[in-house]
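Student: Sequence:
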Amino acid sequence: MSEEMERGSCAMSEQVVGWALHSLEPDEEMAAVEHLGSCADCRQIAADVAEVTTGLATAVEQRDPPPRLRASIVELAAQTPQEHTVVPRAEPSRVQAQGSDGPRHRAPQPQRGPVSDRPAGRPARPGVSRRRGRLLVAAVAVVAVLAGGGAVIEYAQQMRSERDASLAQAQNIFETVAQMDRPGTTHAFLSPDVPNAQPVAAVMVHDGQRSVISVGLSPNSVDDQTYVLWGLNGSGAPQPIGTFDVQPTPGSPISVPSPSGGSFGTYAISLEPGRQAPTTPTDIKALGQVET
777 MSEEMERGSC
787 AMSEQVVGWA
797 LHSLEPDEEM
807 AAVEHLGSCA
817 DCRQIAADVA
827 EVTTGLATAV
837 EQRDPPPRLR
847 ASIVELAAQT
857 PQEHTVVPRA
867 EPSRVQAQGS
877 DGPRHRAPQP
887 QRGPVSDRPA
897 GRPARPGVSR
907 RRGRLLVAAV
917 AVVAVLAGGG
927 AVIEYAQQMR
937 SERDASLAQA
947 QNIFETVAQM
957 DRPGTTHAFL
967 SPDVPNAQPV
977 AAVMVHDGQR
987 SVISVGLSPN
997 SVDDQTYVLW
1007 GLNGSGAPQP
1017 IGTFDVQPTP
1027 GSPISVPSPS
1037 GGSFGTYAIS
1047 LEPGRQAPTT
1057 PTDIKALGQV
1067 ET
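The sequence shown begins at 777 in the working numbering and counts up by one.
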């Protein structure tokens, strides 16, 4: 048993990965398909590759690459010299007859080039050479684009940053929802006062401390605007609890300090001009009752 088989790996695993990525030549694809029918390990590898590529395709927002990327690659391809293999023409055998019994001279044999180092019995496959050539051209194109302005790096970093921000925001939301289930914690989901409106914020109260979680409030101008959290009990007048700001990318719960305590059955949020809370709300954005 070979060393590869002893380690539990299959000699066809790399070719199966290429098949899953659709990067093989037709003859290599056929070989991989035939092999998959008899190798459970390679079938699992192919399934894993498909799962990873699907996850990568759906993990970030789909965007078109910068227009200059395609132009750079097309320009590079036009400048790349194309090599054509010249097939030598076979010379006809020249036979010199000197009578019926005369000696025949064998045509001179073409000179052989340098002996290849490739082991006998393993001829080079044309498909492999073509695929390597395409990979080489692609690598050169990427290097040229990077040297010409870093468009690929800039685009990849932008997508990575947006993905990380979305994951961080989702993680914060999950942690906040878990905090709502703590003993002694109350919460209210706040929605615009219109039919079938979705929640745009939540209020969480724990140990007398109130926090606002924004999931749909628009960012306010911190120079001349502020959000105000209000508390209501029954038909009484709204009482201002505290002010807060909403950032362009909301994340963790926003603490809303309150100079006075008290508990409320309903909460509301308004957007006010200036940086101080008024005595009555001007523009209520959302409200909701405390859930029990």
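No lab work stands behind these hints, which were simulated from the structure alone. The structure presented is a predicted model; accordingly, all values stated were derived computationally and were not measured. Using N, Cα and C, we set each Cβ at its ideal position, and we do this for glycine too. Some clues are possibly wrong.
Simulated restraints on C-beta separations [what the hints assert, rightly or not]:
hint: 1; residue 1: 991; residue 2: 1015; range: 18 to 26 Å
hint: 2; residue 1: 1000; residue 2: 823; range: 22 to 30 Å
hint: 3; residue 1: 1033; residue 2: 992; range: 48 to 56 Å
hint: 4; residue 1: 1060; residue 2: 1025; range: 23 to 31 Å
Student: All hints, please: hold or fail.
Tutor: Consistency of the hints with the structure:
1. 991 - 1015: 18 to 26 Å: Holds, at about 24 Å.
2. 1000 - 823: 22 to 30 Å: Violated, at about 57 Å.
3. 1033 - 992: 48 to 56 Å: violated, 23 Å
4. 1060 - 1025: 23 to 31 Å: Hint holds: Cβ distance 24 Å, inside 23 to 31 Å.
Of the numbered hints listed earlier, those contradicted by the structure are 2 and 3.
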